Structures are given as structure tokens and as C-alpha cells.
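Asks: Protein chains in written order, with my numbering: chain G, 1 to 178; chain P, 1 to 178.
Treat the hints loosely; a few may be bogus.
Said to hold, decoys possible - Facing chain G, according to a computed beta carbon distance under 7 Å, are these residues of chain P, among others: (1) Val83; (2) Phe164; (3) Arg165.
Just so you know, these hints were derived from the structure itself, not from any lab.
Computed from a prediction, not measured in an experiment: that's the story for all the values here.
Yeah, the Cβ is synthetic: ideal placement off N, Cα and C, and Gly gets one too.
2 protein chains.
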Amino acid sequence: MTKRRLPLARAYTLLEPGPVVLLTTAGPPRPNVMTLSWHTMLEFEPPLIGCVVSNRNHTFGQLLALGECVLNIPTVELARQVVRVGNSSGRRVDKFRAAGLTPKPAEIVAAPIIEECWANLECRVADTRMVEAYGFFVLEALRAWVDPSVKEPRTLHHAGRGAFRVAGETIRLRSGKK
Amino acid sequence: MTKRRLPLARAYTLLEPGPVVLLTTAGPPRPNVMTLSWHTMLEFEPPLIGCVVSNRNHTFGQLLALGECVLNIPTVELARQVVRVGNSSGRRVDKFRAAGLTPKPAEIVAAPIIEECWANLECRVADTRMVEAYGFFVLEALRAWVDPSVKEPRTLHHAGRGAFRVAGETIRLRSGKK
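Full structure from sequences and hints, please.
Replies: As C-alpha cells, then:
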């Protein structure tokens with residue numbers, strides 16, 4: 001698929017609805033991917049994102065070491081791949097291959113973009129002050145990519161124990177806010 | 001509606017999908033309510049929640065002063081009320097009355113529960129270290145309430161500029177994770 005750059009001022013629209021994301025890192029020793037639902041926007045522009053990565057995850061040390069990642073947003077078509085990623089550890093296997101996901105080079109960061117995902121955010125770690133207390137990393141999005149052919153992305157929203165609510169209809173109401 | 005207590009170990013299932021929440025405070029000077037989409041779970045049990053409240057919001061000073069709030073989770077039936085809350089300020093009006101929402105006493109905290117909402121989390125402010133940098137409050141949930149008659153809550157997920165994705169079907173996939 002061909003993705004287009006989304007203005008950074010609109011990056012929040014990708015994450016604010018609360019979808020499951022696939023966080024990719026470049027390594028070391030090899031690229032890795034984990035599932036993540038504990039994230040929030042912190043600022044519109046530059047877009048700041050907070051996310052929780054436990055020190056029990058293989059990704060934890062990679063995020064601290066390289067300070068870069070990509071947040072990839074899957075839609076329901078990738079539900080099985082998402083669960084496969086969530087149920088394995090990058091310590092032992094190449095999770096991209098195991099899950100059937102395609103890593104592609106990003107533009108700015110060393111971490112790969114997942115081709116099959118609807119949207120991707122290239123990020124750098126901007127603040128680690130809350131990592132010790134909560135595993136809470138503050139990321140700054142440097143590039144945002146989106147598949148323009150997807151008008152109403154059917155994102156996954158994890159409700160615990162393998163239950164996912166799928167984003168359905170979009171309603172539009174007059175709002176004075178961003 | 002009659003709500004039942006949800007075990008605190010399950011509180012994350014209410015917020016992890018990323019719904020819009022209505023945050024209520026007791027005052028001073030009077031109870032207030034604001035809409036909020038920038039939140040994340042930080043810990044399962046005791047349930048810790050991070051949320052962003054800008055110092056431009058009337059709620060900001062109330063959260064710091066009383067250190068208590070309720071996170072109320074509306075479903076699509078309340079979409080118009082949610083937008084009304086989001087487009088007004090508690091500095092000037094009684095937002096419960098203006099939006100047509102019913103404040104009821106909570107069990108532990110002074111902030112009110114919104115009767116019409118599907119679920120409610122009574123919270124205390126647990127950590128303010130990131131408030132200055134990001135308006136990021138860490139809350140601890142002390143009680144969780146849910147309407148047991150709602151099996152698949154059609155929560156609202158804000159995608160910017162008044163567009164809300166509505167949680168649709170629930171899919172269940174085998175997961176080794178919580």
C-alpha cells in the first residue's frame with residue numbers, strides 16, 4: 001500500500017481513539033514488535049505520546065538503548081497477527097516472521113514500519129523521568145503515515161483477556177474543540 | 001439504573017479500550033464535569049490511571065485542591081450530552097444541568113457519579129509529579145461501578161474535531177495476556 005504523510009498537528013487523531021498499537025524497535029539484537037494498549041496523547045504539537053512498556057518486556061531495554069520506535073496501528077483484518085505478537089517474546093523468535101508481518105524501513109528512525117498497518121508514527125523517546133515509577137515513556141512523533149484509502153479504520157480496542165471491541169460507525173457532532 | 005461493584009482487578013477493562021470519559025469533581029465552588037480522551041492505564045492493581053487535564057480547564061485547580069474525582073464512561077446514547085459538556089466551561093455554568101446529566105453521591109469520594117453513564121471509577125490523585133510538565137495526573141481507582149445490563153457497551157472514541165468512532169462488535173481471540 002502507498003501511505004501518505006499526515007501533518008503532525010493531526011497525529012493525535014490516530015491515537016486519541018485508544019486503539020491497540022504495535023510498537024516496533026530496531027533492536028539490538030534484531031528488530032522487535034510488541035502489542036500495547038496503554039498509551040495516551042500528552043500534547044498536540046509537537047505530538048507527544050505517553051506509553052507504558054513494562055521492564056518485563058524485551059522491548060523495554062531496546063527503547064532505553066536506542067531511544068526510537070514506531071507506533072503502528074492495525075485494523076481488524078490484522079487481529080490474529082496482533083494476538084500472535086502479544087503471545088510471544090522477541091527474546092526467542094523473530095516476531096515479524098512468526099506473526100506474518102512485513103517490516104519496512106522508516107524514513108527517520110531505525111525502527112521498522114509495519115507495512116500492513118493502517119497508520120504508523122515514527123517516534124523518538126523524549127522523556128524517561130517516569131520510566132522507573134510506571135514504565136511510562138514519553139515519545140515525540142517525528143513523522144506520521146496513513147493509508148489514504150482507509151476512510152473509517154476499524155481499529156481494535158482491547159477490553160481484557162483477548163476481547164477486542166472493533167471501532168464501528170463514525171458519528172460527527174459539532175464540537176468547539178480540536 | 002442499578003450498578004454493581006466491579007472488582008478493582010478488572011477496572012482496567014473499562015478504560016483500556018480508550019473511551020471518552022467524563023471527569024467529575026466536587027468543586028470548589030460547585031461540582032463540575034469535563035470531557036477527557038487523553039488517559040491511559042498505568043497499573044492493574046491497585047488500578048492506576050494517568051490522565052491529562054490542562055491548566056486551562058476549570059477542573060485543573062479542583063483536582064489539585066481536593067485530590068479526588070470520578071471517571072464516568074458514557075455510551076453512544078449520551079453523545080449529545082458529551083459534546084455539550086465539552087463545549088462549555090464550569091467557570092460560568094452548572095454543566096450537569098446544562099448537559100442534562102444527573103450527579104449522584106459516590107461511595108468514597110466527594111465528587112459525584114454520573115447516573116446515566118455505563119460505568120464509574122471513584123479515584124484519588126496519587127501522583128502529581130508530571131502535572132507541571134504535561135498536566136498528567138496519576139489517579140488510583142478506589143471503587144469501580146458498572147451497569148450489569150450492558151453487555152457490549154457502545155463507547156465513544158474521539159478521533160478529533162467532533163468525530164467519534166463508536167465501539168461496535170466485540171471479537172474474542174485466544175490471548176495469553178490479561
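Asks: Tell me, in ascending order, the numbers of any earlier hints that this structure violates.
Replies: none
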